[in-house]
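J.: The hints should help you fit chain B onto chain A, whose structure is shown.
These protein sequence lines map, in sequence, to chains A and B.
Quick note: the first sequence uses my numbering, first residue 1, plus one each step.
Quick note: the second sequence uses my numbering, first residue 1, plus one each step.
Hint data in this document are derived by calculation from the structure and do not stem from the laboratory.
The beta carbon of each residue, even a glycine, is placed where N, CA and C say it ideally should be.
Don't take every hint at face value.
Unchecked claim - Short, incomplete list of chain A residues facing chain B, as computed with Cβ under 10 angstroms:
hint	residue
1	A66
2	L69
3	K70
4	A75
5	T104
6	S109
7	D110
8	A111
9	A154
10	R161
11	E166
12	N167
13	L170
14	N236
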Amino acid sequence: MTRHSELPAPGSVPAPLWSQTLQQGEHWSGVLRRGTSLRIEAVEAGANVAAMLYNHESLLERYNMADTLKSQHTAYLTAGYVCYSDMGRILCSITADSCGWHDTICGLSDAALVTSRFGATRFQEQRNEYCKNGRDSMLNELGKYGLGKRDLIANINFFTRVSVDENGALQFDAGHCRAGDYVVLRFEMDTLLALSTCQHPLDPDTRYHPRSVQLRAWQSGPAPAHDACREHCAENARGFQNTEMMFLP
Amino acid sequence: MSLDTDAIHDEIVPAGEPWLGSVERGQILRIVDLEGNQAVDTLFYNAHNTEERYSAVDTIRGQRNIYLSTGTQLRSNLGATMLTITADTCGRHDTLGGACSAESNSVRYAAQTRHMHSCRDNFLLALARDDRGLNKRDLPSNINFFMNVPVDADGSLRFADGISAAGRYVQLRAQMDVLMLISNCPQLNNPCNAYNPTPIQILIWAAG
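Bound conformation, chain A alone (with noise of 0.2 angstroms):
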């Protein structure tokens, strides 16, 4: 990790707090305090980066897919929408993405999957170059908690998209996410953040090429009063509400 203590160029982008590059598989988890925002940036085309999320004050409460969805009438995410928790509150905001689709239905690879595709590999023969999975590399990060199985909530595919025909068909787009591909998350409270790096399970490439990415969080404070999440809609106006009644003086 590096850390950055330079102050900003006038005009230039905030200095970032720290940095960091995940390297091709690699899973990681970190908490992200309210008030700072994380910038994920594909360093190759074709990344896909798994993310759960849980209030770090209540691990209990957590990224809810059905609550997300529902109350923004979407099926995918991108900049503009906020991810909710279970309890009608906002973990983080996405204000800015480049890439305009990212999944959030299709889960995360496992074993059976992973070894089905790429064959069975062990540390033994292939040292780090073994194929990981993202179910596994799931449970890594969230042992370090005291979270296990109970606690593998359907999860974010930042990067990927894939889209559902009329007769309810999962369509994955190969070519979507280009190097340079960014996407921004604001933390609206104090987050535990797990991520991997694992190709998406529908990801049909044969070989395990799992992509690096780059993450650098700065200071950027929660949601102002005007503000294009808050503002994407009635239901996220109620969600800025209900998250801000933790954090009132």
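T.: Coordinates of chain B only, in the frame set by chain A:
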């Protein structure tokens, strides 16, 4: 196994109430939408290891389709098939819409709807009254039998008028011993149940 024989379990669940019970491997479960357009919020747990439970995203990923209907394998968070849908006279069922709760009502409708009875209150109370130690941590995204939540090609999602009708049913075969948790949805604010929650029937036949 013959459905001509009497069911070993036959129960009416009134509108707005929870139901928690067991379905054994090989048994046939039928849920009947008695009056039409009711939403039946449902979760399943492995009866011998409740850390294994229904997973909406594993089910969607496994069949590469968001709608549940005949042939759908309901998958667990560990990737196993828990139950298979063997008959469906409704057409399709939702697993993206989740359960209503006091808190999500306050976001979706208005703060004044927070007091209204909700599926999550049903789930929480049924788990709290039970002795297995399950709680909110054990409430992942559920199935909504008979509920119509279409997703368009542009990615928009809406709760649409129901496509079910009186007497339509969904039938499942259990592939493992499961615990089934139902909330017969009390939501009065959206068209998922035609603004009129109604009773359902649960039938279970012995393994053949």
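J.: How about D110 of chain A: closest beta carbon in chain B under 10 angstroms, or not?
T.: holds, 5 angstroms
J.: Under 10 angstroms is the threshold here; is the Cβ of A66 of chain A close enough to any Cβ of chain B for the hint to stand?
T.: holds, 2 angstroms
J.: Closer than 10 angstroms between Cβ atoms is the bar; does N236 of chain A clear it against chain B? Give me holds or violated.
T.: For N236 of chain A, the interface hint holds, since the closest Cβ of chain B sits about 8 angstroms away, which is under 10 angstroms.
J.: Would the hint on N167 of chain A stand, with a C-beta cut-off of 10 angstroms toward chain B?
T.: holds, 7 angstroms
J.: Regarding the hint that K70 of chain A lies at the interface with chain B, is the smallest CB-CB distance below 10 angstroms?
T.: holds, 6 angstroms
J.: Holds or violated: is there a CB of chain B closer than 10 angstroms to the CB of A111 of chain A?
T.: With a minimum Cβ separation of about 8 angstroms from chain B (threshold 10 angstroms), the hint on A111 of chain A holds.
J.: Holds or violated: A154 of chain A as interface residue toward chain B, Cβ cutoff 10 angstroms?
T.: Result: holds, 5 angstroms to nearest chain B Cβ.
J.: Is the interface hint for L170 of chain A satisfied, with its Cβ closer than 10 angstroms to some Cβ of chain B?
T.: Since chain B brings a Cβ to about 5 angstroms from L170 of chain A, closer than 10 angstroms, the hint holds.
J.: Using the nearest Cβ pair, does L69 of chain A come within less than 10 angstroms of chain B?
T.: Hint holds; L69 of chain A Cβ to chain B Cβ min 5 angstroms, cut 10 angstroms.
J.: Quick check on the hint: A75 of chain A CB to chain B CB, less than 10 angstroms?
T.: holds, 4 angstroms
J.: With chain B as the partner, please determine if S109 of chain A meets the hint condition of a C-beta pair closer than 10 angstroms.
T.: Constraint on S109 of chain A satisfied, holds at 9 angstroms.
J.: So, T104 of chain A near chain B? Judge it on the closest CB pair being under 10 angstroms.
T.: holds, 8 angstroms
Figure legend: structure checked against the earlier numbered hints; every hint is met.
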